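> Sequence:
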Amino acid sequence: MHTTRRRAFRRTATILAVTGLLAVPLAGCAAGDDTAGPSEEIPAEGVDDGSTLTLWTRAPIERQAKLLVDAYNDSHENQVELTVVPNDDYVAKVGAAAGSGGLPDLFAADIVYVPNWAQQGLFADLSEQIDGLDFKDEINQGHLDAGTVDDKEYVLPFALDLSMLFWNKELFAEAGLDPEKAPATLEEFSEAAQAVQALNKPDTYGTATGLNCGGCLVFTWFPSVWASGEEVMSDDGTESLLNGDAAQAVYDTWAELEEAGAVLPSSTDETGPTWTAAFSEGKVGVMPFPATLLPSLEFDAGVAGIPGVDGGVSTFVGGDGIGISKDSKQSAQAWNFLDWMMSEEAQVEVLAKDGNAVSRGDLADNEYAAADPRLVTINEVAAQGSTPVALNFQQAFNAPGSPWLTLVRNRVLNGEDSVDADNDEITAILGQ
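Using this note's numbering, you'd call the opening residue of the sequence shown number 571 and step up by one each time.
Keep in mind that the hints are not guaranteed to be accurate.
[Stated by the list, open to error] When the alpha-carbon atoms are kept at most 30 Å apart in a straight line, the in silico BS3-like pairs for lysine-lysine are as follows:
| no. | residue 1 | residue 2 |
| --- | --- | --- |
| 1 | Lys-636 | Lys-923 |
| 2 | Lys-899 | Lys-706 |
| 3 | Lys-923 | Lys-751 |
| 4 | Lys-739 | Lys-751 |
| 5 | Lys-739 | Lys-722 |
| 6 | Lys-751 | Lys-853 |
| 7 | Lys-663 | Lys-899 |
| 8 | Lys-923 | Lys-899 |
| 9 | Lys-853 | Lys-771 |
No wet-lab data here; the hints were simulated from the structure. Owing to the predicted nature of the structure, the values given are computational and were not obtained by experimental measurement.
My request is simple: use the sequences and hints to build the entire structure.
Printed below as a string of structure tokens:
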């Protein structure tokens, strides 16, 4: 995979420059250059000397970022200044700063962007520091893999966000469904959504999603393919496999729900900012949903892994990775934050205490998770999930008007028989 990334780097950088997704000069910015390494020797635990550090993150993980930053600032001499950027503005902001040498000391990135940004040389090489952690083998492997280029490690998990199947127990009970039982197959998911829809409650729908949001759809639909024993891409991330039997079953299921009127109408044009709002307001029966939003729900929700065609469960292990930027002059101090962030204190007493998944397998069975069976479920399913890695993931899947969005909308909304051709278009982008 790493060899493929090297070959693709120049072509990808050119595409990014042309599209404006990443305004980084090509010269002197590839991973492995001197510009991408720590600026000084870093002690094992970093340096806590009262320095002021800057950290950028995107809005979807604002809650977790603030919890970590506040706890760190309360217990350390160093102080972290957090900047939260709207999700739609984040890529452009990072790109502009990278091109002008103005990146903050630390910055987080949606895990699907990490491979490209690590390859571009935006992060400092932290291989020695990460390899020196006693619990390295317990760190979420998907995030470490996404941030590894040419055997160099650039990021750690900042916040895990897993896609899980959530359902409103009150609506399930009203619809005559067992509120304690999760739909175990795609068919059962569809039947549950239609049962809630049949209640004919005002402004209440069976399910919802973001049908004009590529990121929402990979986050919530890919797991059904994995749970069915199939893959969404080739191992090297250059070929799309989204015309397989399981993927076709996912499209058929959502087309059926659309035809039945069981999908929240605004889902058709939903581009991402409000795709979870209706469920959070108690207006949706069942849907794949971000696990990070569990603490914010004010009603009793069931939580399970996202089912496959005939059973099984999986999840998209998403969220954000975080690293030290190529522009930081305070690498030792920045590492002090990262080292603390991975500690039991931060993972359990900050993240798990707030109802979040932890980034270390050895801490998954903690006192806060044990107090809520739903958190135990989330931690268990995390081990059965996946984090897809592809250098051109953004262009193929997340970008507005991506070929992935074209495939979904053609099949689910328009009923067109163009999955094979649209899948080839995804492969064309992945293989550039």
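> Against each hint, give a clear statement of whether it holds in the structure.
We went through each hint and held it up to the structure:
no. : hint                 : verdict
1   : Lys-636 with Lys-923 : holds, 14 Å
2   : Lys-899 with Lys-706 : holds, 26 Å
3   : Lys-923 with Lys-751 : holds, 26 Å
4   : Lys-739 with Lys-751 : holds, 9 Å
5   : Lys-739 with Lys-722 : violated, 46 Å
6   : Lys-751 with Lys-853 : holds, 19 Å
7   : Lys-663 with Lys-899 : holds, 20 Å
8   : Lys-923 with Lys-899 : violated, 33 Å
9   : Lys-853 with Lys-771 : holds, 9 Å
Consistency with the previously given hints fails for numbers 5 and 8, ordered from lowest to highest.
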